[in-house]
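Full structure from sequences and hints, please.
Numbering follows this note's numbering, with no gaps: position 166 of the sequence shown is 166.
Treat each hint with caution, since some may be false.
Taking lysine to aspartate or glutamate and the EDC-like style, the derived pairs with C-alpha atoms no more than 16 Å apart in a straight line are [unchecked claim]:
| no. | residue 1 | residue 2 |
| --- | --- | --- |
| 1 | Lys186 | Asp204 |
| 2 | Lys231 | Asp204 |
| 3 | Lys184 | Asp197 |
| 4 | Lys184 | Asp155 |
If you anchor each label on the Cβ, the simulated ranges turn out as follows [to be verified]:
| no. | residue 1 | residue 2 | range |
| --- | --- | --- | --- |
| 5 | Ala142 | Met117 | 43 to 49 Å |
| 6 | Arg133 | His85 | 53 to 59 Å |
| 7 | Pro171 | Met117 | 54 to 60 Å |
| 8 | Arg225 | Val144 | 37 to 43 Å |
| 9 | His151 | Asp195 | 43 to 49 Å |
| 10 | Ile64 | Asp106 | 23 to 29 Å |
| 11 | Arg218 | Asp195 | 31 to 37 Å |
| 12 | Pro229 | Glu149 | 27 to 33 Å |
| 13 | Lys186 | Ala127 | 28 to 34 Å |
| 14 | Glu149 | Ala223 | 31 to 37 Å |
It is worth saying that the hints were derived from the structure and are not from the lab.
All C-beta atoms in this analysis are idealised placements derived from N, C-alpha and C, irrespective of residue type, glycine included.
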Amino acid sequence: MSAGEPRSNTRRLSAGNERAPSDPGQAASAAGNPPDRGATGADNDSGWSAHRFWSARRIPATVIALLCGAGIGLLLYDVVSVRAHRPAMGWRRQLAAELATRPLDDTWLTVGAAVAMILGLWLFVLAVTPGLRRLLPMRQPAGVPGAEEVHAGLDSRAAALVLRDRAMQVPGVQSTRVDVGRRKIKTRAQAHFRDLDDVSADLDAALNETVRTLGLARQPRLAVRVQRPKKG
1 MSAGEPRSNT RRLSAGNERA PSDPGQAASA AGNPPDRGAT GADNDSGWSA
51 HRFWSARRIP ATVIALLCGA GIGLLLYDVV SVRAHRPAMG WRRQLAAELA
101 TRPLDDTWLT VGAAVAMILG LWLFVLAVTP GLRRLLPMRQ PAGVPGAEEV
151 HAGLDSRAAA LVLRDRAMQV PGVQSTRVDV GRRKIKTRAQ AHFRDLDDVS
201 ADLDAALNET VRTLGLARQP RLAVRVQRPK KG
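Structure representation (structure tokens):
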């Protein structure tokens, strides 16, 4: 190779691999671009399990922090005031007297304990559940370097819009409503012509194919209901 000749980016295959790939998907993999698995609905074979997105819980955390801060600050102020040889606040004296004289089976104590238990249970549920139910985890492409560091998600309202547009393309469908959940997709359509069974079969096939192309990590179960429009 001469000094002025540009360097080629191609390389020869070994003697045992001179045969060209038999399909476009294999050719894309050989060139470093993996085939699109979202269009075929193939499962993720990289061994990676998609997890749900966790919410930051900013609003509950802010409300609880403000309430706890206000209560602790007020109690601390009253304790410091008593230490400075000033009388305690009336609410604290009354609270101490009520706690000392009321029996444990008192109605107000029972209600207060129930409210505290419900609040604690609610905070526990917020702490151990991911939240963000509208954000559906997407499947991770296999064979892509660094793909395990990417966590992609699809908004359920966007998925419902895509499925609704596809449903309206089925012959006979006049109107439709699609609700996308994490485990189930509910589709209610109205058909103004064609047999209902034929419309339902075509709609089920079209939506199942569209769901596979969304690339979700967990494909929801599809429920299709077709009926005639109400007269009048």
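Outcome of the hint check:
no.: 1; hint: Lys186 with Asp204; in the structure: holds, 11 Å
no.: 2; hint: Lys231 with Asp204; in the structure: violated, 25 Å
no.: 3; hint: Lys184 with Asp197; in the structure: violated, 21 Å
no.: 4; hint: Lys184 with Asp155; in the structure: holds, 15 Å
no.: 5; hint: Ala142 with Met117: 43 to 49 Å; in the structure: holds, 47 Å
no.: 6; hint: Arg133 with His85: 53 to 59 Å; in the structure: holds, 56 Å
no.: 7; hint: Pro171 with Met117: 54 to 60 Å; in the structure: holds, 57 Å
no.: 8; hint: Arg225 with Val144: 37 to 43 Å; in the structure: holds, 39 Å
no.: 9; hint: His151 with Asp195: 43 to 49 Å; in the structure: holds, 44 Å
no.: 10; hint: Ile64 with Asp106: 23 to 29 Å; in the structure: holds, 27 Å
no.: 11; hint: Arg218 with Asp195: 31 to 37 Å; in the structure: holds, 33 Å
no.: 12; hint: Pro229 with Glu149: 27 to 33 Å; in the structure: violated, 49 Å
no.: 13; hint: Lys186 with Ala127: 28 to 34 Å; in the structure: holds, 30 Å
no.: 14; hint: Glu149 with Ala223: 31 to 37 Å; in the structure: holds, 35 Å
Of the numbered hints listed earlier, those contradicted by the structure are 2, 3, 12.
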